[in-house]
Amino acid sequence: MAFRASSTIEFSGISKRFGGVVAVNDLTFTVEPGVVTGFLGPNGAGKTTTLRMLLGLVRPTSGSATFGGSAYHELAQPLSTVGTALEASSFHPGRSGRNHLRVYAAAAGIDDGRVANVLETVGLSEFADRKVGGYSMGMRQRLGLAFALLGDPGVLVLDEPSNGLDPEGIRWMRGFLRSLAEDGRTVLISSHVLSEVQQSVDRVVIIRRGSSVFQGSLDALETGSHVNVDAVDRAALARILLAAGAAVHDVEGMLRVTGVGVEQVGELALSAGIPLRHLAAEHVGLEEVFLDLVGDADSSGDSA
Amino acid sequence: MIRAIRSEYRKLTSTSGWWILLLILVGYVGFTAALLAGLFGALGEQLAGTQGAPQVDSASLPPIIYSTATAIGYVFPLILGVLVVTSEFRHQTLTPTFLATPRRSRVLAAKLVVLFGAGAVYGVAGVLGSVGLGAPILALTGNEAAIDSGETWLLLARIVLTMAIWTVVGAGIGALIPNQIAAIVVVLAFTQFVEPILRFAASIWEWTADVGKFLPGAASDALVGASFYTTLSPAAATATLEWWQGGLVLIGIATTSAAAGAMTSWRKDVT
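As given, the protein sequences belong to chains W and B, one line each in that order.
Using the numbering used here, the letters of the first sequence correspond one by one to residues 1 to 304.
Using the numbering used here, the letters of the second sequence correspond one by one to residues 305 to 575.
Hints may contain errors.
[What the hints assert, rightly or not] If the Cβ cut is set under 8 angstroms, some of the chain B residues that face chain W in the computed set are:
#	residue
1	ARG310
2	THR319
3	SER362
4	SER364
5	ALA404
6	SER409
Since the hints were made in silico from the structure, they are not lab data.
Here a beta-carbon is modelled for each residue, glycine too, at the ideal position from N, C-alpha and C.
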């Protein structure tokens, strides 16, 4: 591939306040070339605002975001350095897909021949001369991606790229993102559903209410298993488990125990003479860990 | 800057709005010019004998007829300018626009350049409508069409310039009022209702006429040098600016509104 050098994206202490509302709060993370980084969080967590600050569309209240040390507006060839697909609605409905791309190719000094190439890449050639107003959500998503690829950039920033795609499209997108990263490009994709990007990302940054709650590999996110246990005398059971160094949460009418294995829980209960009425090991899926991180965890209080 | 201009040119010509407005302009101006030419051409002598009727001699007819291109047509380039700028907000195309050209002032400047050119095209089209239908009817009714006069050609050139400036005024208003519907309502209400009333009211006394001549429509008519509004005004006191003064007032309105828009909505966060 002939793309220009990929660069590292760096967010440093970036914050945004809209009036009295803190949308993004002191985010710091880096996005490395050669891997796909997932930027995750529920809707309204501040993902889009963060990306828009990175791209110079929204002015940060404090902090900065750069590509290899340069702010977006300082890039000499922005579209050939960073490709962006923010949302599937930034089109004039009366303009054809091809003309949409030609408008921005002209602005960025990109050869018109490239327009046909990217339309081909995203599978829109057949519909290129139809007005965007008649496009389906999936076609708009593909046109957005074509815009991102226009300058053959070394960095790609894609906001919810799988939104509106059919299952086949999602599979295609997955493979496509992987191939972009394998080329050595820097790929940052946001999503509010972990399972949607689980198979295409290597690293994740998870935010909740504008603040980072996890950064690292997917493997590090997977915390394994916990034990669900219950007894008639729940308080006594909790006491002996805490004494053995386990973490105990009172969840949905039983105890959720981490830090000790299922056999150890059984032995502890037996030696203390506490009859159990439920004991089971439970594997925690990624999605559950994700939801735990981003959800309002206040509902499950510590039990003692 | 060249790239941004090329991009804006492609934006304008790749949707149908510009030529639809252009066709309506030509039709509307042509119809009005034909109607006025027929009316005054045929009734000129009768009007001359009627007390209280507007007095129009044959020699002053061509400028009145030809200047319908601006007198009633100026609202079309004005609306084009408003539409081009506000549609970027309405369809959220400011996002890809500012991604491709992060220097926002450059985008606005490129828009003004392209719109100025488009406004000149509207001017030529308006002239084709007013002269194309007005001149033959004047000739048919036995009046001077004055097509070979240098004066007429100067008038037509000033019409083209005036229409070009009006698109820039529209762009400025669009940047000041990014809500497309609100901007169109304000423009139509002002040009079709508020200003005509103000101009009429201002012409009642001499001191108000001195203020009224600075109204945008009045300045536009002054720049062109003719308008059936001023000619047919029933009031005695109709002060007008010199043509170049009218031009300066109009350019002042255009640059002030564009600069104010550039410093407000154009600089805001694009969310």
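Consistency of the hints with the structure:
Given the 8 angstroms rule on beta carbons, the hint for ARG310 (chain B) holds: about 4 angstroms separates it from the nearest Cβ of chain W. Taken as an interface hint, THR319 (chain B) checks out: its beta carbon lies about 4 angstroms from the nearest beta carbon of chain W, inside 8 angstroms. A cut of 8 angstroms between beta carbons decides the hint on SER362 (chain B): the least distance to chain W is about 47 angstroms, and the hint is violated. This hint is violated: SER364 (chain B) has a C-beta 43 angstroms from the nearest C-beta of chain W, more than the 8 angstroms allowed.
With its C-beta approaching chain W no nearer than about 4 angstroms, ALA404 (chain B) sits inside the 8 angstroms limit, and its interface hint holds. For SER409 (chain B), the interface hint is violated, the least distance from its beta-carbon to any beta-carbon of chain W being 12 angstroms, above 8 angstroms.
When the structure is compared with the earlier hints, violations turn up for hints 3, 4 and 6 and for no others.
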